[in-house]
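**Q** As numbered in this note's numbering, residues 822 to 1078 make up the sequence shown, in order.
Lysine-lysine pairs mimicking BS3-like chemistry, simulated, CA-CA at most 25 Å apart:
1) Lys-972 x Lys-931
2) Lys-942 x Lys-972
3) Lys-931 x Lys-942
4) Lys-931 x Lys-917
5) Lys-1027 x Lys-1017
6) Lys-917 x Lys-942
7) Lys-1022 x Lys-1036
8) Lys-938 x Lys-925
9) Lys-928 x Lys-1022
10) Lys-938 x Lys-917
11) Lys-917 x Lys-972
12) Lys-1022 x Lys-931
13) Lys-1022 x Lys-938
14) Lys-928 x Lys-942
Taking CB as the label site, the calculated pair distances span:
15) Asn-1047 x Pro-1026: 20 to 28 Å
16) Arg-903 x His-993: 32 to 40 Å
17) Ser-922 x Arg-1067: 24 to 32 Å
18) Arg-903 x Ser-872: 42 to 50 Å
19) Asp-1031 x Pro-992: 19 to 27 Å
20) Lys-938 x Gly-1045: 20 to 28 Å
21) Pro-1070 x Glu-1014: 20 to 28 Å
22) Met-939 x Ser-872: 44 to 52 Å
23) Lys-938 x Asp-1065: 17 to 25 Å
24) Arg-903 x Gln-1035: 29 to 37 Å
25) Thr-864 x Asn-1047: 50 to 58 Å
26) His-993 x His-932: 18 to 26 Å
27) Leu-869 x Ala-894: 27 to 35 Å
28) Leu-869 x Met-895: 31 to 39 Å
Honestly, the hints are just simulated from the structure, not real lab data.
The C-beta atom is built at its ideal place from N, Cα and C for all residues, glycine as well.
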Amino acid sequence: MKTDEDQLKWAESDGFHRQLIPFAVIGAVVGPFVVMSIIAHFTDSDRLLPSLIDLILGVPIGLVGGYIVGQAAMQGILQRIRWARDHGWTYESNGKAALQSKVKNAKELKHATTYWKMATKNCHMTRTVNGRGACIMLASEGDDSSNQTRKHRSFLVFDAGTECGHIVIHPHHMTDAIDLPGGMQPITFELNEFNKQWTVKGTDPKSAYDRISQKTIDYLMQHGTNYSVEFKGGLVIVSSNAADYRSFPSLMGYATG
822 MKTDEDQLKW AESDGFHRQL IPFAVIGAVV GPFVVMSIIA HFTDSDRLLP SLIDLILGVP
882 IGLVGGYIVG QAAMQGILQR IRWARDHGWT YESNGKAALQ SKVKNAKELK HATTYWKMAT
942 KNCHMTRTVN GRGACIMLAS EGDDSSNQTR KHRSFLVFDA GTECGHIVIH PHHMTDAIDL
1002 PGGMQPITFE LNEFNKQWTV KGTDPKSAYD RISQKTIDYL MQHGTNYSVE FKGGLVIVSS
1062 NAADYRSFPS LMGYATG
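Construct the complete structure from the given sequences, taking the supplied hints into account.
**A** Spelled out as structure tokens, the structure:
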């Protein structure tokens, strides 16, 4: 089985064009039907199968169109592979499996409150930091028919290294007054500027003070209020409203720093 590095080297050589063959074949099959539909629109034809002229015109058009579409798709994947490699991460073609295999506490995600469990995930990248697995990904949810109604968010999940109580950190929101289930209670810190911008709730204040270091507070204060952080068991979940993998570095610092 090819690693991502092998895939990158192979795709950048003569193998790149071979990967486009399926796209071209699909285009060749679909092309005649597209031509048939266009001709039928102007001639009021009710044919169900392509004619010879549809095949003559549609097959080469479909081949070229499928190749172009495939080339754009493959170039996008190659850009992500290169980008991940250049930033010390590995692009994963099977994101769900990689998440479960690289992050040993990933099972805690089903109990997390900030993680979008039902969202569509893509662009998974993984790495190991000081023996702790980490995975970063893009997520989107909402109406598939209109991108304007879809919501996007990026997630970083990684092994915490130690177990702790349930803690959630997020910017102030109108729902802060609502009690969270599971005995979550508001927690304040000595830094008033932090308390003015962030809401912290947890099951155990001592666990929160032990887990949320000055370094974590400084990181959140430095990067603005576009983030939420959740500690659950042996897992940390960090998310932001970034909707592009090129925005990942702001999250990466949380795992690598």
